[in-house]
Amino acid sequence: MEKRALFSSKTLPYMLLLPQMAITLIFFYWPASQAIWQSFLLEDAFGLSSEFVGFENYRALFGQPEYYRAMVTTGVFSAAVAFLSLSLALLLASQADKQLRFGQGYKTLLIWPYAVAPAIAGVLWIFMFHPTLGMVSGPIRAMGVNWNPMLNANHAMILLVLSATWKQVSYNFLFFLAGLQAIPKSVIEAAAIDGSGPMRRFWTIIFPLLSPTTFFLIVVTIVYVFFETFGIIDAVTGGGPAGQTTTLVYKVYADGRLGGDLGGSAAQSVILMVIVIALTAIQFRYVERKVQY
Amino acid sequence: MAGVTLDTVRKVYAGNVEAVKGVSLGIEDGSFCVLVGPSGCGKSTLLRMIAGLETISGGEVKIGNRVVNQVEPADRDIAMVFQNYALYPHMSVYDNMAYGLKNRGTPKDEIEKRVKEAARILAIEPFLTRKPRALSGGQRQRVAMGRAIVRKPQVFLFDEPLSNLDAKLRVQMRVEIKRLQRALGVTSIYVTHDQVEAMTLSDKLVVMSGGQIEQVGTPAEVYRRPETRFVATFIGSPPMNILPGTVEGPGRVSVGGQSIAVTDMRDGLTPGSAIEVGLRPEDVQAGGTGASSLSMDVDFVEELGATQLFHGKVAGAEFVVQASTGQIAADTRKLTLAVDPANVHLFDPQTTKRLGRV
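These protein sequences, in sequence, are chains A and B.
Just so you know, we're using our numbering here: the first sequence kicks off at 1089 and counts up by one.
Just so you know, we're using our numbering here: the second sequence kicks off at 503 and counts up by one.
Chain A with its partners taken away, still in its complex shape:
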């Protein structure tokens, strides 16, 4: 049965839609079109005049080795965070799915990191892993590792991956837990009677049945790493050392705000916009389908 509200007035529905339309236009379409327009302009160093240059900004961008490096960095960063945060979340969720004492409290605690602002999460992690101040750095150095995320690009990346993962695990955990609870108990029991042990049961029954959730979370996590880790990167490494942890999004900021290259920065935004549209399309195409298996 479909329920519909009936309006006698023709204008009322439009009035009700107006606030949402206004927000969408002002905060999404206007900046987006500004970015597209700006990506075709070249501004002089003092910001006094700008000139239409067509695709010159894009050409310059794809001539920069730093841009490709940022792509690779983003790829590595998102792959690492996606893998780590999904597998950790799945491990935690499958444990939480068992009837545990204090299970409710345990679940609540697991959700907290999601509520922490990215920049604050970043500061938290840099305090723990700072080469001289960090309380975790001491033991690492004591083990003979010359730990220094300020100078060593690999160390910096590890630290970023850890902080970004820590924040995203909560979200993935919630979805995995819901996914696990949606698997009928009798299916698991049938598998137990059919003679499959807990590990085999997990990989042949539970994991395949979770695949829609897993796919959804992969897309969501990639979007998260691409766009929402800005705060963490800015707080932990600032894109350094020597631009080695600069992701695509961070480069937009670095080039535009710090470098003053508004046209180049806008061109990068437009490319990112295309990426996020593609990811959303994938998500709608596959994830919105109810049954995956």
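Keep in mind that the hints were calculated from the coordinates and are not lab data.
One or more of the hints may lead you astray.
Label pairs and their computed distance ranges (CB to CB) [stated by the list, open to error]:
1) B:D577 / A:A1205: 37 to 43 Å
2) B:K855 / A:D1185: 44 to 50 Å
3) B:A636 / A:F1140: 55 to 61 Å
4) B:D577 / A:R1157: 55 to 61 Å
For clarity, every value in this text was computed on a predicted model and none was experimentally measured.
Cβ atoms here follow ideal geometry from the backbone N, Cα and C, with glycine treated the same way.
Put chain B on the given structure of chain A with help from the hints.
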């Protein structure tokens, strides 16, 4: 093949809730045993304990000569058919049936042979490559049965397997389950709340209530000679009428001042003491005039096609009479019911136990 023996099996849940209160039962090799009772009577819990899906709080469960209390479900050599079928949704029908065999390391050609054979018996050969979601309820049910029979287990366990099917399909599948069990000769334990299913399927009928066994017997025995008032009113449809009465003397009771002869009556009951008199709706002859008879005020009539149900009151208590259509005029307001002394069941009002001959 093996029989199943339960020895004072108990199930106590957290908070000291006793779901099964010391059940002892022997199920012969190759027989079809049905556990029947209302919701919450412990029948499903009992079945799940036999399957190994619930721990056993006390007592002993034996399959064949082996005590299986501590044995994993996979190693009990049983197969179970679930109420919601519990098929693996991401696997084809073939893989669903082959899964248990693969886990046991059965050779590939042997798996194929057994699955094909089961599919043939159950007439699901055309669906072997389909996923469960592309099947109807009845077909899924067959796949669930197929998954059980390919394993060639010692015991089949059925947990209300037909309750998700529509009425027509249920009758059809009921007959098929019975036929299949006869053909395979595997000991089967079947849980249901439907007394018609219970009566038609079982060799051995176990009526349960409140975590205990009320009566064990063949369906005919349980129907003919219910041991408690609960069994009397639970088995049979429409349920047995229970009337308040008093003992008159050996072989005679009175209901609302009307005297009735009784064949199966315990000796030595004190005349004048209260007693409950049970009469099945189909056992009283409407319109007849026998030596013992009851008068009934009719309130309304239910049409069932072949039969009619006359609802009304006898001696102030609710009473239902079943009669072939046309035997009694539908507008009858007063009936005289002839009672065959052999069809009268007597129960103790306090203990609710049968007061028949010992």
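Okay, the hints, checked on the actual structure:
1. B:D577 / A:A1205: 37 to 43 Å: 53 Å, violated
2. B:K855 / A:D1185: 44 to 50 Å: 47 Å, holds
3. B:A636 / A:F1140: 55 to 61 Å: Holds: the Cβ-Cβ distance is about 58 Å, inside 55 to 61 Å.
4. B:D577 / A:R1157: 55 to 61 Å: Check passed, 57 Å falls within 55 to 61 Å.
The structure is inconsistent with hint 1 alone, although it conforms to all the rest.
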